[in-house]
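Peer 1: Heads up: the sequence lines are chains R and Y, in that order. Position 439, counted from 1, in the first sequence is what my numbering calls 439; the numbers after and before it change by one each time, with no gaps. Position 248, counted from 1, in the second sequence is what my numbering calls 738; the numbers after and before it change by one each time, with no gaps.
No lab work stands behind these hints, which were simulated from the structure alone. Among the clues, some could well be false.
[Stated by the list, open to error] PhoX-like, lysine-lysine: derived pairs with alpha carbons at most 20 Å apart:
(1) K942(Y) x K881(Y)
(2) K718(Y) x K228(R)
(3) K718(Y) x K49(R)
(4) K807(Y) x K391(R)
Since this is a predicted model, take the numbers as computed values, not measurements.
Number of protein chains: 2
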Amino acid sequence: MNHKTKLDYRMFCISRNFIGVIMSEENFSETALHNISVSDSTKTVDLSKVSDVIINLLEQELNENALDLFASFHPVDKAEILIEMPRLLQYSLLKTLEVESIREILSTLDPSVAASIYSLLPETINTTVLNELSADVATDILRALPEVDAQAALDKMDHAEDVLSLIVYPDDSAGGLMLPPYNVVKATRTAGVALDALRLASEATTDINIMFVIDDNFRPVGYLSIKKIALARASTPIPTLMKPIPITVSVSADQEECVRIIERYDLQCLGVTNPSGQLVGVIDSEDLLDVAEAEASEDMFKIAGMSTEKPQASISKSLRGRAPWLVINLATTFAAAGIIQLFESTIAKAAVLAVFLPVVAGQGGIGGTQTLTLTVRSIALGELPGNRGRKLLLHEATLGILNGIYLGLVVAIICSLWIGNPLIGLVLGVAMFGNMVIAGVVGASIPLILRKIRQDPAISSAVVVTTFTDIVGFLLFLGLASLIINNAST
Amino acid sequence: MNHKTKLDYRMFCISRNFIGVIMSEENFSETALHNISVSDSTKTVDLSKVSDVIINLLEQELNENALDLFASFHPVDKAEILIEMPRLLQYSLLKTLEVESIREILSTLDPSVAASIYSLLPETINTTVLNELSADVATDILRALPEVDAQAALDKMDHAEDVLSLIVYPDDSAGGLMLPPYNVVKATRTAGVALDALRLASEATTDINIMFVIDDNFRPVGYLSIKKIALARASTPIPTLMKPIPITVSVSADQEECVRIIERYDLQCLGVTNPSGQLVGVIDSEDLLDVAEAEASEDMFKIAGMSTEKPQASISKSLRGRAPWLVINLATTFAAAGIIQLFESTIAKAAVLAVFLPVVAGQGGIGGTQTLTLTVRSIALGELPGNRGRKLLLHEATLGILNGIYLGLVVAIICSLWIGNPLIGLVLGVAMFGNMVIAGVVGASIPLILRKIRQDPAISSAVVVTTFTDIVGFLLFLGLASLIINNAST
Chain R
1 MNHKTKLDYR
11 MFCISRNFIG
21 VIMSEENFSE
31 TALHNISVSD
41 STKTVDLSKV
51 SDVIINLLEQ
61 ELNENALDLF
71 ASFHPVDKAE
81 ILIEMPRLLQ
91 YSLLKTLEVE
101 SIREILSTLD
111 PSVAASIYSL
121 LPETINTTVL
131 NELSADVATD
141 ILRALPEVDA
151 QAALDKMDHA
161 EDVLSLIVYP
171 DDSAGGLMLP
181 PYNVVKATRT
191 AGVALDALRL
201 ASEATTDINI
211 MFVIDDNFRP
221 VGYLSIKKIA
231 LARASTPIPT
241 LMKPIPITVS
251 VSADQEECVR
261 IIERYDLQCL
271 GVTNPSGQLV
281 GVIDSEDLLD
291 VAEAEASEDM
301 FKIAGMSTEK
311 PQASISKSLR
321 GRAPWLVINL
331 ATTFAAAGII
341 QLFESTIAKA
351 AVLAVFLPVV
361 AGQGGIGGTQ
371 TLTLTVRSIA
381 LGELPGNRGR
391 KLLLHEATLG
401 ILNGIYLGLV
411 VAIICSLWIG
421 NPLIGLVLGV
431 AMFGNMVIAG
441 VVGASIPLIL
451 RKIRQDPAIS
461 SAVVVTTFTD
471 IVGFLLFLGL
481 ASLIINNAST
Chain Y
491 MNHKTKLDYR
501 MFCISRNFIG
511 VIMSEENFSE
521 TALHNISVSD
531 STKTVDLSKV
541 SDVIINLLEQ
551 ELNENALDLF
561 ASFHPVDKAE
571 ILIEMPRLLQ
581 YSLLKTLEVE
591 SIREILSTLD
601 PSVAASIYSL
611 LPETINTTVL
621 NELSADVATD
631 ILRALPEVDA
641 QAALDKMDHA
651 EDVLSLIVYP
661 DDSAGGLMLP
671 PYNVVKATRT
681 AGVALDALRL
691 ASEATTDINI
701 MFVIDDNFRP
711 VGYLSIKKIA
721 LARASTPIPT
731 LMKPIPITVS
741 VSADQEECVR
751 IIERYDLQCL
761 GVTNPSGQLV
771 GVIDSEDLLD
781 VAEAEASEDM
791 FKIAGMSTEK
801 PQASISKSLR
811 GRAPWLVINL
821 ATTFAAAGII
831 QLFESTIAKA
841 AVLAVFLPVV
851 AGQGGIGGTQ
861 TLTLTVRSIA
871 LGELPGNRGR
881 KLLLHEATLG
891 ILNGIYLGLV
901 VAIICSLWIG
911 NPLIGLVLGV
921 AMFGNMVIAG
931 VVGASIPLIL
941 RKIRQDPAIS
951 SAVVVTTFTD
961 IVGFLLFLGL
971 ASLIINNAST
């Protein structure tokens, strides 16, 4: 048999939602094939192995086979396969791809990665690719390029004005997320005019299925679904078809605010206005699913005391990202150690006190983290408007008191039975009570105060709350125990 | 002036994305008006105050004014105002509302709340309302009603078959999220036929802007955007307009899986198939933003050791939701206490050892929580397919070693200088090192093991990881210190 036998592969979906690659081939390197296995636990094919196969094929100069295999994947998967490859082979592959395929791949990548792939493109096609990209993706890529390269690319672009209108806004603002308002129609027109406008705009727009209705000053006054336009008589006036717009955002609005609004009002897309109230862009709700996930991740990581991190981050990046809170935490644990040192002579007399230190510290930590997590998440989801923050604080304080009572009783009884000293048991119970109350009050009030002073509530982090509970718990437990023990010994 | 002067209010949006209520009125109860203030920090009007005003108006039998004020809000806000009212007044208000307004309100509410509002509706309109609701919302409400009531309501419905086709699936599965496939066209037809089909389906469908293309066996073969249909010539055959479907899910797929797929492939909507591969429903991407947020919240709460909780939960509900992990944590802190007790005689000889117990415990806790959070979140976002889990474990173990080395050195030096005993300093450094390594290994491996045995990785929770780090840290620190101190004393 010939070494270059036909490769037959395809991507398929089966009912239990699982993507795999079937390759039937005769003489093709067995090991490479063997490496493409479907991992059952995640139900997706391991694309890094597909990448290995393509690398293999390219190195054996089986370019056509490599290209065929590559072409069988969805753009999202193509992008993932491509970024797993060495830079030289990325270049070999890219120069054989069609513009449309490159456009699709770049549209799915993170801006910084897309920019690095873009800079690999041959000069003969890079401007064409940039022209074909939607304005928001092109803008993101140009923002991520070195300034000289971005300027050079902009000079050659066909619709540089679209990009220039977006590039001034920060990446994480409404302005950075929006597309230019391609689909608009004046309120004085008819459905027929709207359909014509849509036809003209058709190439530039991506998948936005809403048309904004504007007044003579380009201010949004309503919206229309494209379905309504398609089904209406051409002579129907726009105002009889349109619905009112519940809300718009300003170009400077934070991306998290945009998510909250789209979610709350269940919008397909969100109009973005400039300070004069004119429509300057549109945010598609689909683009906000990523934003919502990223914001949720960010808050989770902040509560855990680290910056946002991807599982494939380098060791040095992870080290740097986690060091700040580890070092801060070290300082706070030494502060707690300082509190204990105040009572060293008491512990020397009754070493059994040391036994219960982790009980005091551990319980306050978890109670505080529960309250903190609820408060931070509720603020993020916009569930604590107006005076509800104060209500939550009261709720958490009450809960702290109740948790403190039952947990205090339990530890007092266990400790008394354990060491046969009800007085120490009582002291431990009181410390536990104080600890849980502080946990509730501090866990709720720190994020609320941070919001009040317009800081990110999530930076409060479990580290800060635990410091309070540790110090108060140790002071109460060892302080009261010292009084008893020193009284007893005098 | 007359007591019933005209109320002039409206909802407005200003550029910095802020919703408020303007009420201009003359003789209307000053205090009620005063209560409607816009909270600047959250940029939304406090709807519970609007609710108070409406309650006031209804109690003064100014029903018309109450209704006018209520009508000025968006359905989402109407729903929030309504649920803040006492049940009797909810009933008074509901019986004056139009069917369309009630339909909109029910569509925005959580199923259980919607069901409780639905059961308040007068018999004269409740079936009409149910008929007008989209099939997925009606299904959710019926699922939340007592079975007798649900059956009675179903018997009277016009399109009971739509609901019956959905009600068999669990709420959190693809089947529970989907709408029946209203917008479909056979691959053998033309754009004109598709447009006609759309016109017929128009009332039943909500906002789905995609039409699925099916074969003769109702299996999905492609999709079309409604824009494409609207702009195409009526005679254009469907296959020249349609795009291939990258993926579909089975009716039994988990809702989190649906989120991952829609996000990964940037889909506007996701086809749902039965075991024979036939299209049985469609999930709209907008409906998944809520799901994504809810899943993220759930994971955050689980890591903090609590069940999902809303800030307005009752005290007794909060108490019950948080008690399990508080009690488990209590047991684990007593386990740690048991470890310390093993070394009580050593501590009696050198009480200074007790001072450093929180340093050992605290540092392992934060390191472990960092690793745990990264692992749980990466699994949830589908970023750890195949053997990447093992890579992450190796990464976290390496990081634990490196963190252990620098933090161990730092604490060894501080402790040596503080108490003037380099041997104890060294022991503390070694314990810190062991602690950080365990934090990395345990923090990564517990969620990965849970995934392997098909349990929810998030249930691992910080409590479990902290137990490991506490116990190992105390054993190392006190164990080594005992060896040194007992050797020195013999």
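Peer 1: Is K718(Y) within 20 Å of K49(R), Cα to Cα?
Peer 2: Violated, at about 37 Å.
Peer 1: Please work out if K942(Y) and K881(Y) have their alpha carbons no farther apart than 20 Å.
Peer 2: 15 Å, holds
Peer 1: Please verify whether K718(Y) and K228(R) have alpha carbons no more than 20 Å apart.
Peer 2: 14 Å, holds
Peer 1: Take the C-alpha atoms of K807(Y) and K391(R), compute the straight-line distance between them, and say whether it is at most 20 Å.
Peer 2: OK: K807(Y) and K391(R) at ~16 Å, within 20 Å.
Checked against the numbered hints above, the structure violates only hint 3.
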